[in-house]
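J.: Given next are the chains, with one letter for each unit.
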Amino acid sequence: MDEEYDYLYKIVLIGDSGVGKSNLLLRFTRNEFNMDSKATIGVEFSQKTIKIGGKTIRIQIWDTAGQDRFRAITSTYYRGAVGALLVYDICNHSSFDHLDRWVRELMDHVDPTNIIVMLIGNKCDLEDKRSVKPDDALAYSQRNNMAFMETSALDSTNVDQAFEKIVKLIYDQTIKNTESTKKTEQSVVGPTKKIESTREEKIRVQKDSQNKSGCC
Amino acid sequence: MTEDVKLDKHGFIVQNATLQKSDHIGRDNARILKWEDMLQRWDYNTKRRPTFIKKRVRKGIPDCLRGRVWAELAQIRQLKSTYGENYYKTLLETETDAISAEDIMRDIDRTFPEHILFREGNLGQPALIRTLKAYSVHDPELGYCQGMGFLIAMFLIYMSEEDAFWMLVAVMNKYQMRELYVPGMPGVYKAFYKINALFKHFMPQLWRHFRDLSLLPSMFAPSWIMTLYITLFPIEVTLRILDTFFCEGPKVIYRVYIIAFKKAKEEMLSMTLDEILERIKTIQSDFAPDELIKNAFGISLSRKKLKELDKEYETGQNSEFVNW
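So the protein sequences, as listed, match chains H and Z.
Going by full-length UniProt numbering, the residue at position 48 of the first sequence is 48; the numbering climbs one at a time, nothing skipped.
Going by full-length UniProt numbering, the residue at position 151 of the second sequence is 151; the numbering climbs one at a time, nothing skipped.
Hints are computed from structural coordinates only; laboratory data are not their basis.
Being a predicted model, the structure only gives us computed values, none of them experimental.
Check each hint, because a few of them may be wrong.
[Claimed, not checked] Partial list, computed: chain Z residues near chain H (C-beta under 8 Å):
1) K6
2) V14
3) Y87
4) L91
5) D103
6) R110
7) P183
8) G187
9) F220
Note that the Cβ used here is the ideal one computed from N, Cα and C, for glycine as well.
Construct the complete structure from the given sequences, taking the supplied hints into account.
T.: Encoded structure:
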């Protein structure tokens with residue numbers, strides 16, 4: 001479990017209660033689905049290591065309780081996140097209507113210039129119960145500059161793809177930010193000891209030496 | 001429901017049911033008789049022999065008397081007489097606010113789905129809905145909060161619907177759980193403050209390690225404290241925790257928290273944050289029920305100490321313990 005990795009990304013799962021956040025995570029991290037899943041109380045931590053473009057990326061994922069009230073204790077976990085999967089249930093229109101609230105909540109706690117948000121319409125196996133049209137969701141995601149996918153944690157549709165997509169987007173942004181010598185510190189969280197030996201650090205060192213005159 | 005399922009003795013659905021015969025039937029029966037006897041003179045015993053009751057409860061309440069004893073310990077008879085006989089019925093006839101009702105319904109399938117009573121179509125689900133709705137009418141400021149369902153479901157396994165409702169009222173007020181659930185969840189912060197302080201006292205090395213890693217109790221423990229560990233431990237352990245909770249109050253929450261790390265402590269000292277969070281996911285299997293309770297009560301933790309920490313939290317917090 002103590003694998004080496006090049007990058008460490010923190011991603012949060014947000015969205016209304018019951019949209020399937022925990023099962024998305026379970027499908028992604030363990031390829032399982034729990035019919036008898038329990039409501040998440042507080043936050044739950046999971047992680048997985050994947051490869052993107054030859055790089056090993058450790059993803060730390062924080063799954064948060066969906067009930068409004070829990071934001072009093074869960075919003076601290078948005079801090080330092082570089083990605084957010086914003087999840088709604090395609091069969092539950094109010095979970096789609098609440099997206100703006102979730103986005104606002106998220107942006108209050110993260111660096112808005114350094115976070116990739118991806119919209120996820122979950123439960124797409126339940127086509128006959130659908131109440132959110134893909135076009136409406138797509139329009140919403142485009143308006144808000146987000147990637148969008150419909151997924152099914154139950155039958156696995158697009159789950160890996162969605163996580164891989166957001167990680168790829170984060171990776172691209174990290175590289176872009178690094179190259180344009182923006183600060184990248186916030187895109188890396190967690191045990192810094194391990195990261196120090198990675199390319200990320202080397203880039204940072206180079207960057208720092210290029211920017212001696214810049215303030216910090 | 002014609003589902004062919006195998007159950008353990010508490011009604012939880014299990015994969016391989018080997019009907020567990022107790023190795024100590026004689027002892028168990030003797031214990032039940034002693035408890036019956038104690039219940040006969042309950043008021044006398046609670047007044048005159050509280051330490052004796054406490055000792056017995058720590059050994060575990062016989063399952064067949066559990067509901068009755070919990071109800072006595074939580075003094076729901078008194079509650080009922082304060083509010084009047086028809087109070088629960090009146091609550092049921094009152095409309096629940098729309099948000100609570102929606103939140104309640106969403107969680108019904110997600111509360112003890114592994115227990116036969118709460119399978120779809122069985123009696124537990126409608127009772128769960130009614131009791132939670134009644135509570136939200138009874139206490140509109142709190143309404144419904146996730147986590148409450150696990151508590152009341154546990155009561156519904158052991159007692160009548162109305163008694164289960166009164167147990168929840170007792171838990172919220174007499175046992176001071178309400179502030180964990182009300183909007184803003186101030187009780188959660190307060191509990192973590194106390195947990196941090198006690199953890200430093202009883203597990204100084206691990207406390208320092210957690211602090212260095214910025215590993216916070218709020219990363220894994222909200223559900224532990226909000227559901228009295230119901231969502232964490234296997235049923236046998238949970239029941240023993242609840243037994244002592246009703247007898248001695250919330251102190252057991254802190255005892256169990258500290259002891260939960262006892263076996264994992266050494267390995268955790270050399271782990272990273274993510275490794276520890278992964279290890280915590282298996283922490284519930286570290287102990288047998290008796291062992292956990294025995295260890296938890298081996299800790300010397302006084303009511304006075306908790307009161308002091310409460311006061312400290314209200315009046316002048318030690319920043320070391322405010323790390324959320």
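J.: Take the hints in turn and mark each one as holding or not.
T.: Evaluation of the provided hints:
The closest approach between the C-beta of Z/K6 and any C-beta of chain H is roughly 15 Å, which is over the 8 Å cut-off, so the hint fails. For Z/V14, the shortest C-beta to C-beta distance to chain H is roughly 13 Å, which exceeds 8 Å, and the interface hint is violated. The restraint placing Z/Y87 at the interface with chain H is violated, with a minimum CB-CB distance near 26 Å, outside the 8 Å limit. Taken as an interface hint, Z/L91 does not check out: its beta carbon lies about 21 Å from the nearest beta carbon of chain H, beyond 8 Å.
Proximity of Z/D103 to chain H holds as hinted, the smallest CB-CB distance being about 6 Å (cut-off 8 Å). Among the interface hints, the one on Z/R110 holds; its C-beta lies about 5 Å from the nearest C-beta in chain H, closer than the 8 Å criterion. For Z/P183, the shortest C-beta to C-beta distance to chain H is roughly 6 Å, which falls under 8 Å, so the interface hint holds. For Z/G187, the interface hint is violated, since its Cβ never comes within 8 Å of a Cβ in chain H; the closest pair sits about 11 Å apart.
Here the hint on Z/F220 is kept, as its CB sits about 7 Å from the closest CB of chain H, short of 8 Å.
When held up to the earlier numbered hints, the structure conflicts with 1, 2, 3, 4 and 8 and fits the remainder.
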